[in-house]
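Q: Sequence:
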Amino acid sequence: MRVDLLTKEYPPEIYGGAGVHVAELVRALRRALEVRVHAFGAERSEADTRAYPVPAELGGANAALQTLGVDLTMVPAIEGADLVHSHTWYANFAGRAAQLLHGIPHVMTAHSLEPLRPWKAEQLGGGYRISSWIERDAVESADAVIAVSDGMRRDILRSYPRVGSERVHTIRNGIDLETWRPRHDPALLDALGIDPDRPTIVFVGRITRQKGLPYLLRAARRLPADVQLVLCAGAADTPEILAEVQAGIAALREERTGVVWIEEHLPTEQLSAILTAATAFVCPSVYEPLGIVNLEAMA
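Under this note's numbering, think of the first position of the sequence shown as 1, with each following residue one higher.
What the hints contain is simulated information worked out from the structure, not anything from laboratory work. There's no promise every hint is true.
[Stated by the list, open to error] Per label pair, the in silico range of CB-to-CB distance:
id, residue 1, residue 2, range
1, ALA235, LEU177, 38 to 44 Å
2, ASP176, TYR215, 45 to 51 Å
3, ASP190, ALA251, 40 to 46 Å
4, PRO182, GLY41, 28 to 34 Å
5, ASP195, THR73, 48 to 54 Å
6, LEU100, GLY60, 50 to 56 Å
7, THR179, ARG50, 24 to 30 Å
Computed from a predicted model, the values in this text were never measured in an experiment. Note that the Cβ used here is the ideal one computed from N, Cα and C, for glycine as well.
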């Protein structure tokens, strides 16, 4: 059986939980099935993995139109698959088009829902209406919809009442416990400016409205003076939210010491060491179907 998996994020281009989910899923499925990956971005060297850049003609277009362009270039290569599996609205249109063109089942995994992320309009402008349309059509027409938590399943059925409950299945996010385990690395902490002797609160996430970082920065003003705040935060959705976070961090640093901001995407081993050193991990998200980062922190 050949399964073609469609995704925006795939190693090494991963910026969020959906990309982590997809990478681990492909690794597991390939033990039993033929899996071909179709991903956005630069060419990958991995076997049975094909990448699709934004068509040159859409270089200056709205991000939602660029997504449609990438999706359309994926569809011809899916011919011959027995099933197509799409992840997030970015790839849902390609999955839906392949379902219609090639006459194959379309399974989609919902990692978040556009109706519950109205702040995406700040990033996409009118493209948010396009992303919402793509997701709605994909959910309502998919042969099966996978929710990453029971709460997500309830959200799907509430947001899209035309979808029969028998088509929505919960398969919870998970992590690899061989990879995510306690690690002690004093040299790394020193290099990053983290004091191992201070109580430490750690945040890990993208700089988006969804992750709630501005709320954390305001709340951090009330922390005891000896508490250290480590922010592993990057990949800003928009210049506006980035500027807001930059201003919040600058203001906090004027009031207290021990505010460490790490913008780059860290390797798993380094992030594990930071989480191991944490006294507490915080997730101030305003919306989180099942945050993989919480599982990683608990491990």
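Q: Please list, smallest to largest, the hint numbers that this structure does not respect.
A: Of the numbered hints, 1, 2, 3, 6 do not hold.
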